[in-house]
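Chain by chain, the residues:
There are 2 protein chains.
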Amino acid sequence: MKSLSDRAVGVFDSGLGGLTAASKLREFLPHENIVYFGDTARLPYGTRSRQTIVKYAKSDLAFLKSKDVKAVLVACGTVSSNAINELRETEPDLPIVGVLEASADTACEIAQAGNGKVLLIGTSATVGSGKYEEYINSKYKGITILSRACPLFVSLVENKLRCGYSVKRMVAAEYLLDLSQEKPAAVILGCTHYILLADVLHELFPDSVLVDSGEESAKRLAATLSKKDMLNKSEDIGKSEFYVSDASDEFLNKASVFVSDKIKSVGLIDIDQYS
Amino acid sequence: MKSLSDRAVGVFDSGLGGLTAASKLREFLPHENIVYFGDTARLPYGTRSRQTIVKYAKSDLAFLKSKDVKAVLVACGTVSSNAINELRETEPDLPIVGVLEASADTACEIAQAGNGKVLLIGTSATVGSGKYEEYINSKYKGITILSRACPLFVSLVENKLRCGYSVKRMVAAEYLLDLSQEKPAAVILGCTHYILLADVLHELFPDSVLVDSGEESAKRLAATLSKKDMLNKSEDIGKSEFYVSDASDEFLNKASVFVSDKIKSVGLIDIDQYS
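Residue numbers (the numbering used here), protein chains in the order written: chain C, 263 to 537; chain W, 263 to 537.
Treat the hints as calculated values from the structure; they're not laboratory data. One should not assume that every hint holds.
Note that identical chains are pooled: a pair holds if it fits in a single copy or bridges any two copies.
Once the Cα atoms are required to be at most 27 Å apart in a straight line, the calculated DSSO-like pairs of lysine-lysine come out as [unchecked claim]: (1) K490 - K329; (2) K489 - K501; (3) K481 - K320; (4) K501 - K481; (5) K524 - K329.
Note that the coordinates shown come from a computational prediction; the quantities given were computed from them, not determined experimentally.
Between the sequences and the hints, there should be enough to build the whole structure, so can you do that?
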């Protein structure tokens, strides 16, 4: 039987966006084993109802539990905003870290040292949930929170190979030009796909700090494991396993857009078996 | 017990695109009752594997069968290209009409009277299936078939309310500008969403006939029912019922983009129960 520290860390997302967070996790925790799951049979999550997001997230968690993970990184802004409490209720003994708290904390610290303005951008379900506002208002004073859903961004990133810079810039301007006038101190990229639009977002918000929710959540998970003495004691480089629920060839083709390391193999699973 | 002719016609799509076909069906067959299902919990289909498309399509058909439909319009280019044989094997006695044959026939007739060139545009799964080429080459001589997947188009249409003309035009040009130089006699809109991009497509292909696969398939279903003497004999205006598998409020909000008639109510069903 594996010791607690040897067991893998689970990471899941609706699809490929969470690879940006998994990649940061690998950087922060080189010795951990990582199991990644992307629910490519049912993505995107960001336009679905809360009820369906909760249902899908629970089955994603059940799959990772079947891999005996010791902790879970919810590398999906939509699930972090709409279903994290339900996941924690389902597995009360499992440390589950989402992207919301970590990215909100970093953004608020930046804003407090500046003009106090935070802009949240994310999927319709993330922005519509109001969960960022709820968390920030319960913990910080004097923060002005602006928000905007950018529903086309995930498709733009997932189709990056066929979509030029000019299209990305035009779509980003259409969603965000008015808010760029507000010059927020921090812009929370509330969806793990969005860091791949950093170039056009930097152009629109040249004086703002872009807070990558994937990176922030990976940092927080690393801190959590350390604090709980759950880090892998091995000095070997950890292994990464990847699973998807559909179109594994497509995953291998597209993964290079999201991570620089070449992913050589991916397992295909039937997510309907985990619910 | 209802007579054969009184029973409804079933229409399904991955989401809202098929409403354009249902709307044409209503126009051609004012006395028919129509049951529409949009699989909004699992859309889009066009980027998924054939295996998953077949699985999802079978459950969509099972739901419509539970409504005792007398015939089915597969108002989805992706399913029509990837799963129609499997659906017909599952329900051999049910007339099932897809968008492929009807739109290919119309396009080839136009092309034969012109320069012989047909351009197919559709989702990745539709274009990748090669099924249009297979059908056309088995039935017509002297047709040059060009094709191009336009994976962002469905998202552009579904987000129409927040996406301006300039973005649509730029994305369409990025996908299709080179092929517009070929001046195809007919352009098959192989996805039922695409008719809602007719404005920008007309600009790119000013001398081509745009063949709306939704309209063509609705015409063919009407002809099939007539030929089989399955038309509703009632002189009353038929009723339409709408069902989705997620986010029914969102469906009511967005439906106005797809059909001019106001849809007042929609049922929410659990599609996982039909498999």
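Outcome of the hint check:
Only within a single protomer do K490 and K329 lie at most 27 Å apart by alpha-carbon distance; the minimum there is 21 Å, versus 55 Å between protomers. For the identical chains of this complex, K489 and K501 are intra-copy neighbours only, at 22 Å inside a copy versus 62 Å across copies, given an alpha-carbon limit of 27 Å. For the identical chains of this complex, K481 and K320 are intra-copy neighbours only, at 24 Å inside a copy versus 43 Å across copies, given an alpha-carbon limit of 27 Å. Proximity of K501 and K481 under a CA criterion of 27 Å is satisfied intra-copy only: 19 Å inside one chain copy versus 56 Å between copies.
Taking the shortest alpha-carbon separations for K524 and K329, only the intra-copy value of 23 Å comes in at or below 27 Å, while the best inter-copy value is 48 Å.
Of the numbered hints listed earlier, not one is contradicted by the structure.
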